[in-house]
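In case you want the letters, here they are:
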Amino acid sequence: MAVGALGALLAFGILILIGSRGVYNLDYAYSIVNGLGLGLRLTLTFVAVVVPVGFLVGFLMGWARTSRSWFVRGLGTTYVEFFRSMPPIVLIFFFALIASLVFRRYLFVENPIGFALGMGVLALALHSGSYQAEIIRAGILSVPTGQTEAAEAIGLGRGQTMLFVTLPQAFRVSLPALGNEFASVIKDTSLINILGALELSLWGQLLTVDALSVDFNLVFIIWVEIALLYFAITFTVTRGIRALENRFKVPGLEAAEL
Amino acid sequence: MIRVRGVHKYFGNLHVLRGVDLDVAKAEVLCIVGPSGSGKSTLLRCINLLIQPDKGDIFLEDVRVTAPEVRPEWVRQHVGMVFQSFNLFAHLNALKNVMIGLTRVKKMPKEEARRKAVFELERVGLADKLDAFPAQLSGGQQQRVAIARSLAMGPKVMLFDEPTSALDPEFIREVLDVMSKLADEGMTMIVVTHEMGFAKGVADAVAFFDEGRILEAGSPSDIFERPGHERTKAFVSKILG
Chain A
642 MAVGALGALL AFGILILIGS RGVYNLDYAY SIVNGLGLGL RLTLTFVAVV
692 VPVGFLVGFL MGWARTSRSW FVRGLGTTYV EFFRSMPPIV LIFFFALIAS
742 LVFRRYLFVE NPIGFALGMG VLALALHSGS YQAEIIRAGI LSVPTGQTEA
792 AEAIGLGRGQ TMLFVTLPQA FRVSLPALGN EFASVIKDTS LINILGALEL
842 SLWGQLLTVD ALSVDFNLVF IIWVEIALLY FAITFTVTRG IRALENRFKV
892 PGLEAAEL
Chain B
6 MIRVRGVHKY FGNLHVLRGV DLDVAKAEVL CIVGPSGSGK STLLRCINLL
56 IQPDKGDIFL EDVRVTAPEV RPEWVRQHVG MVFQSFNLFA HLNALKNVMI
106 GLTRVKKMPK EEARRKAVFE LERVGLADKL DAFPAQLSGG QQQRVAIARS
156 LAMGPKVMLF DEPTSALDPE FIREVLDVMS KLADEGMTMI VVTHEMGFAK
206 GVADAVAFFD EGRILEAGSP SDIFERPGHE RTKAFVSKIL G
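Chains as they are written, first to last, in our numbering: chain A, 642 to 899; chain B, 6 to 246.
If we strip away everything but chain A, and leave its shape as in the complex, we get (with noise of 0.2 Å):
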């Protein structure tokens, strides 16, 4: 983890040097630490709904698609095609679009801008959603039926199975497939800046915008700073994932290394 961890700054070290060529200015640096503060907390906010959500929808849905009963199953696989079918950018946009449209004329607010924009952070929720259900399905269905049976035969009624036997293996195993989705999703937050919201990439296009009238190498300043404070969440989050894994680590059910 450790060297994983260096190496990462190495790279980032590198990034810079070629960036400034040798010139690093740092009162730059420090003179936008503001507004890229702003934009951050934004994203974060993005990352503590987006994640949640998506892992809560993408949970039930993968569930659902595992179900005896067709009609349960219908709606996981209709939820999970549609959503995983939509490019993340179009289900923003159109989500806000109606959240907008509904607002104003059927329950008559003035502005909803507010609603538009949890309506497209849902929308990317329910995006990342589609994914892990289908991990969540692969996890369910690598449990062996050989498994449920026992179960089963010890008294075990369908939900204790579902719960003590088949979801806690199905959790292990889906664990690092996940982490790569979270990763992922946390870095599609910046396509919400198509509805004006100001998160840390939109800052830094804004701030490109500024620099690139003063001195072009002011530009690799902003976006050194962006890309480390996006790999800081991405990292915390994933290496959460990794102790998880971790800690409930079981010979014989150990999660492939990535």
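Heads up, some of the hints might be wrong.
Calculated Cβ distances over 10 Å to all of chain B for the following chain A residues [claimed, not checked]:
{"hint": "1", "residue": "Ala670"}
{"hint": "2", "residue": "Gly676"}
{"hint": "3", "residue": "Gly678"}
{"hint": "4", "residue": "Val694"}
{"hint": "5", "residue": "Thr719"}
{"hint": "6", "residue": "Pro729"}
{"hint": "7", "residue": "Phe749"}
{"hint": "8", "residue": "Ile754"}
{"hint": "9", "residue": "Ala791"}
{"hint": "10", "residue": "Ala792"}
{"hint": "11", "residue": "Val860"}
{"hint": "12", "residue": "Phe876"}
{"hint": "13", "residue": "Gly881"}
{"hint": "14", "residue": "Glu886"}
Derived contacts from chain A toward chain B, CB cut-off under 8 Å, selection only [unchecked claim]:
{"hint": "15", "residue": "Glu775"}
{"hint": "16", "residue": "Ala779"}
{"hint": "17", "residue": "Gln788"}
{"hint": "18", "residue": "Ile795"}
{"hint": "19", "residue": "Val806"}
{"hint": "20", "residue": "Pro809"}
Within a straight-line C-alpha distance of at most 30 Å, the following computed BS3-like cross-link-like pairs (lysine-lysine) qualify [stated by the list, open to error]:
{"hint": "21", "chain 1": "A", "residue 1": "Lys890", "chain 2": "B", "residue 2": "Lys111"}
{"hint": "22", "chain 1": "B", "residue 1": "Lys101", "chain 2": "B", "residue 2": "Lys115"}
{"hint": "23", "chain 1": "A", "residue 1": "Lys890", "chain 2": "B", "residue 2": "Lys205"}
{"hint": "24", "chain 1": "B", "residue 1": "Lys101", "chain 2": "B", "residue 2": "Lys60"}
{"hint": "25", "chain 1": "B", "residue 1": "Lys134", "chain 2": "A", "residue 2": "Lys890"}
Derived by calculation from the structure, the hints in this document are not laboratory data. All C-beta atoms, glycine included, are put in the ideal place defined by N, C-alpha and C.
Please arrange chain B on chain A, whose structure you already have, making use of the hints.
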């Protein structure tokens, strides 16, 4: 103890069980032998209602377990089952594999369940493997944990579905020994097996099963030495070489 009457089972167009009648008395050991694919496993699964028979009745003592008001979970607590592929829960160690039925089905307090599980694992000779996970155990040890898991529920009958077929030869003995001991202690058992030595030595009765029904049944010596049917003869001579 167990009575099976006229049981039929279809899988789609496949007529797997074609009218099976069976009687097993208390403390009796019945071995079922016969070619693979003849429906032996299906019959065992019908007895503990893992599979619902399409026709016919099954009685456990005086309870008609095929009656719609009988809960399958109730039946399965009284009819233990051991599978060919062990089917231990991979995320639980040996102790917890045995405890889970006690705490979750019988709602036994944890400490009591632990004591009972340790006792059952000692019974199958695995007192030193309480903390081992299934992947850390040999096939023979896994199967013995599976037997302990079943025994812990205090079943009236134990069903064994080819319990040694998936084992490497060197581990077969230890599983058969546990089963013989169980038979000596008076457990009622129905064993689907290809282990003719076990059938001869331990079984009170042997049933020859073919094409979804019991072709003939009798004492081990009847079936192995004086088989009545041509098919039984052919099968026995093949198995005994």
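A quick look at each hint next to the structure:
No beta-carbon of chain B is positioned within 10 Å of the beta-carbon of Ala670/A; the least distance is around 49 Å. Every CB of chain B is more than 10 Å from the CB of Gly676/A (nearest about 48 Å), matching its label as outside the interface. The claim that Gly678/A lies off the interface holds: its Cβ sits roughly 43 Å from the closest Cβ of chain B, which is beyond the 10 Å cut-off. At roughly 27 Å from the closest C-beta of chain B, the C-beta of Val694/A stays outside 10 Å, upholding its exclusion from the interface.
Distance check for Thr719/A against chain B: the nearest CB is about 28 Å away, which clears 10 Å, and the non-interface claim stands. Chain B leaves Pro729/A outside its interface by the beta-carbon criterion, the shortest separation being 34 Å against a cut-off of 10 Å. The claim that Phe749/A lies off the interface holds: its Cβ sits roughly 53 Å from the closest Cβ of chain B, which is beyond the 10 Å cut-off. Chain B leaves Ile754/A outside its interface by the beta-carbon criterion, the shortest separation being 47 Å against a cut-off of 10 Å.
The beta carbon of Ala791/A is not kept farther than 10 Å from every beta carbon of chain B, the shortest such distance being approximately 4 Å. Under the 10 Å C-beta cut-off, the non-interface status given to Ala792/A relative to chain B is violated; the minimum distance is some 7 Å. Residue-level check passed: Val860/A sits 51 Å from the nearest beta carbon of chain B, beyond 10 Å. Under the 10 Å C-beta cut-off, the non-interface status given to Phe876/A relative to chain B holds; the minimum distance is some 28 Å.
With 10 Å as the threshold on Cβ separation, the claim that Gly881/A sits away from chain B holds: the shortest Cβ distance comes to roughly 21 Å. The Cβ of Glu886/A sits about 13 Å from the closest Cβ of chain B, beyond the 10 Å cut-off, so the non-interface label holds. Proximity of Glu775/A to chain B is violated relative to the hint, the smallest CB-CB distance being about 22 Å (cut-off 8 Å). Because the smallest distance between the Cβ of Ala779/A and any Cβ of chain B comes to about 16 Å, over 8 Å, the interface hint for this residue is violated.
Hint status for Gln788/A relative to chain B: holds, with the closest Cβ pair at about 5 Å, below 8 Å. Look at Ile795/A: its Cβ gets to within about 4 Å of chain B, closer than 8 Å, so that hint holds up. Taken as an interface hint, Val806/A checks out: its beta carbon lies about 5 Å from the nearest beta carbon of chain B, inside 8 Å. Evaluation of the Pro809/A hint against chain B yields a held restraint, the C-beta minimum of about 5 Å falling below 8 Å.
For the given pair, Lys890/A sits about 28 Å from Lys111/B by alpha-carbon distance, which is consistent with the 30 Å threshold. In summary, the hint linking Lys101/B to Lys115/B is supported, as the alpha carbons are separated by about 10 Å, within the 30 Å threshold. Distance restraint check for Lys890/A and Lys205/B: the Cα-Cα separation of roughly 45 Å exceeds the 30 Å cut-off, and the hinted pair is therefore not satisfied. Our distance criterion of 30 Å between C-alpha atoms is broken by Lys101/B and Lys60/B, whose separation comes to about 37 Å.
Proposed proximity of Lys134/B and Lys890/A is supported: the alpha carbons are some 19 Å apart, at most 30 Å.
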